[in-house]
Amino acid sequence: MEEKEEVGYMTSVSRPVKGCAGDTGEWRVFKPVKDDEKCNKCLLCWVYCPEATISKDELQIDYQYCKGCGICAVECPTGAIVMVKEDKQ
Amino acid sequence: MKVLESGNHMVALAANAAAVEVVPAYPITPQTQIIEKVADLIADGEMDAEYIPVESEHSACAALVSASLTGIRAFSATSAHGLAYMHEMLHYAAGIRVPVVMANVNRALGPGWNIWCDHQDSISQRDTGWLQVYVASHQEAVDTVIQAFRITEDHSVLLPLMLNLDAFVLSHTYMDADIPAREEVAGFLPRYRPLWKLDPRKPVTHGSVVYPVDFSETRESMAIGQENAREVIRRAVSEFEEVFGRNHGDLIETYRLDGAKVVVVAMGSMAAESRVAVDALRDRGEDVGLLRVRFFRPFPTGELRELLAGRDRIVVLDRDFSYGNEGALYTEVKSALYRYADVPANNIILGIGGRDVTHTGIEELVLHSADGGLPEVTWGDSRISDGHLVTRDLLREFDELMDE
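Sequence lines, in order, name chains A and B. Per the numbering used here, the first sequence runs over residues 1 to 89. Per the numbering used here, the second sequence runs over residues 1001 to 1404.
Just so you know, the hints here were simulated from the structure itself, not pulled from any lab data. Please note that a few of the clues may not be correct.
[Said to hold, decoys possible] One-sided excerpt, in silico: chain B residues whose CB lies under 7 Å from chain A: (1) Arg1097; (2) Val1204; (3) His1206; (4) Gly1207; (5) Ser1208; (6) Glu1217; (7) Thr1218; (8) Glu1220; (9) Ser1221.
[Unchecked claim] Straight-line Cα separation of at most 35 Å, DSBU-like style, residue types lysine-lysine; simulated pairs: (10) A:Lys88 - A:Lys56; (11) A:Lys34 - A:Lys85; (12) B:Lys1202 - A:Lys18; (13) A:Lys85 - A:Lys38; (14) A:Lys85 - A:Lys18; (15) B:Lys1334 - A:Lys4; (16) B:Lys1202 - A:Lys67; (17) B:Lys1202 - A:Lys56; (18) A:Lys18 - A:Lys41; (19) B:Lys1202 - A:Lys4; (20) A:Lys67 - A:Lys41; (21) B:Lys1261 - B:Lys1334; (22) A:Lys18 - B:Lys1197; (23) A:Lys4 - B:Lys1197.
[As the list claims (entries may be wrong)] Selected chain B positions facing chain A (in silico; Cβ < 10 Å): (24) Gly1095; (25) Ile1096; (26) Ser1156; (27) Leu1158; (28) Arg1191; (29) Leu1195; (30) Val1209; (31) Val1213; (32) Asp1214; (33) Gln1226.
C-beta atoms are modelled at their ideal positions from N, C-alpha and C, and glycine is treated no differently.
Based on the provided sequences and hints, a complete structural model is requested.
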């Protein structure tokens, strides 16, 4: 048997690194698409987005991080946001 | 400074003497006066610490862990159900290697609801990785709080410590004791110097996922910390004696062991009471001595092997019970002696739920077991009484009802 190295003090640590699964936006199956004509700027989508991917002033969706959960589309009172299937291989 | 105080207040005064910096706590009988006194000391400007009132014991321990991870000295106190509620976070504190100290006022776990002295609460936390010490006097409680930080903060240990004191027998009785001044303590207990700490300049997550490839090593590391603690405790106790002139024992304390054929093994205030029993029995010509287990974790295996081999009989007093087996201390004592000494032994379960333990009761049971007159495991003070909540009368009343 190999000689054993002394263990000593040991505890668990992890450091922040770029996610190995890539940007969360790549996980999307459905994509929220906003119709600016129908939007009344009520901010409900901004309030409900669990990933904080909707900007407050422009109400633009950051597709790099949007996971496509669809909560914004459900909450939108004017039907300005619809979920569209991603065109992926 | 000499004071006349309750055991609980003394623990708080000792935490102040030990320059504790953060105290997160949640009140529970019979621990409440410890944290009340801490809050008083802080409000009166006598203690320079942050008091965090939390919403539960689970949070108290979580805050205790987090505070310590920032590199400061943290202290808390709890009891019984509070300790049980902390259970998950007790594992967390040990697993994440924080040198915190927490007083646990030993109390029974209900139901039946019982606020009185019993070791079941801390014994149930045996395998969490915490060091466990059981004190037997007010002065020892004070001195052990100060020793505790020296022990846990040693870089070869870095594990949390649970200081156990018996409910009411110690927590609520008033005695005189010396509370060393902060300046006096500072020489013995310098500022906590962590190996590393949480720091926004170097962001890391501590206590995160560990895969099977590394997990076993983190646990072996905890086991090594407990093993290292043995020598660290002995050193801390002997240096404490040099500075303060007091010694309550290291992992154990012995009393009149020379020539003792029968040795009583006990923890906490039952061991203090056993001293009186030993004196009385010695006066009557019986060769009886006492071995008080001070540290239950790390367990004084070597000391027991050395001191118990060759005796005629060992009588282990347990204020707890491992259901389906025997008293927990009894199991540990026998396990230590396995293959080292073959000594007949008795286990006497005493003082459960605050039942009064008298030296005359101990004397009688020790004599009886020395004669071989007791079953190996004996509930020493159990009796049938009409005062019990479920009596035979009550069961008869239900006979009819249950048949319907």
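A quick look at each hint next to the structure:
{"no.": "1", "hint": "Arg1097", "verdict": "5 Å, holds"}
{"no.": "2", "hint": "Val1204", "verdict": "5 Å, holds"}
{"no.": "3", "hint": "His1206", "verdict": "6 Å, holds"}
{"no.": "4", "hint": "Gly1207", "verdict": "6 Å, holds"}
{"no.": "5", "hint": "Ser1208", "verdict": "4 Å, holds"}
{"no.": "6", "hint": "Glu1217", "verdict": "5 Å, holds"}
{"no.": "7", "hint": "Thr1218", "verdict": "5 Å, holds"}
{"no.": "8", "hint": "Glu1220", "verdict": "5 Å, holds"}
{"no.": "9", "hint": "Ser1221", "verdict": "4 Å, holds"}
{"no.": "10", "hint": "A:Lys88 - A:Lys56", "verdict": "29 Å, holds"}
{"no.": "11", "hint": "A:Lys34 - A:Lys85", "verdict": "14 Å, holds"}
{"no.": "12", "hint": "B:Lys1202 - A:Lys18", "verdict": "16 Å, holds"}
{"no.": "13", "hint": "A:Lys85 - A:Lys38", "verdict": "21 Å, holds"}
{"no.": "14", "hint": "A:Lys85 - A:Lys18", "verdict": "27 Å, holds"}
{"no.": "15", "hint": "B:Lys1334 - A:Lys4", "verdict": "31 Å, holds"}
{"no.": "16", "hint": "B:Lys1202 - A:Lys67", "verdict": "29 Å, holds"}
{"no.": "17", "hint": "B:Lys1202 - A:Lys56", "verdict": "31 Å, holds"}
{"no.": "18", "hint": "A:Lys18 - A:Lys41", "verdict": "33 Å, holds"}
{"no.": "19", "hint": "B:Lys1202 - A:Lys4", "verdict": "32 Å, holds"}
{"no.": "20", "hint": "A:Lys67 - A:Lys41", "verdict": "22 Å, holds"}
{"no.": "21", "hint": "B:Lys1261 - B:Lys1334", "verdict": "17 Å, holds"}
{"no.": "22", "hint": "A:Lys18 - B:Lys1197", "verdict": "23 Å, holds"}
{"no.": "23", "hint": "A:Lys4 - B:Lys1197", "verdict": "29 Å, holds"}
{"no.": "24", "hint": "Gly1095", "verdict": "8 Å, holds"}
{"no.": "25", "hint": "Ile1096", "verdict": "6 Å, holds"}
{"no.": "26", "hint": "Ser1156", "verdict": "8 Å, holds"}
{"no.": "27", "hint": "Leu1158", "verdict": "6 Å, holds"}
{"no.": "28", "hint": "Arg1191", "verdict": "20 Å, violated"}
{"no.": "29", "hint": "Leu1195", "verdict": "7 Å, holds"}
{"no.": "30", "hint": "Val1209", "verdict": "7 Å, holds"}
{"no.": "31", "hint": "Val1213", "verdict": "12 Å, violated"}
{"no.": "32", "hint": "Asp1214", "verdict": "8 Å, holds"}
{"no.": "33", "hint": "Gln1226", "verdict": "13 Å, violated"}
Hints 28, 31 and 33 from the earlier list are contradicted by this structure; the remaining hints agree with it.
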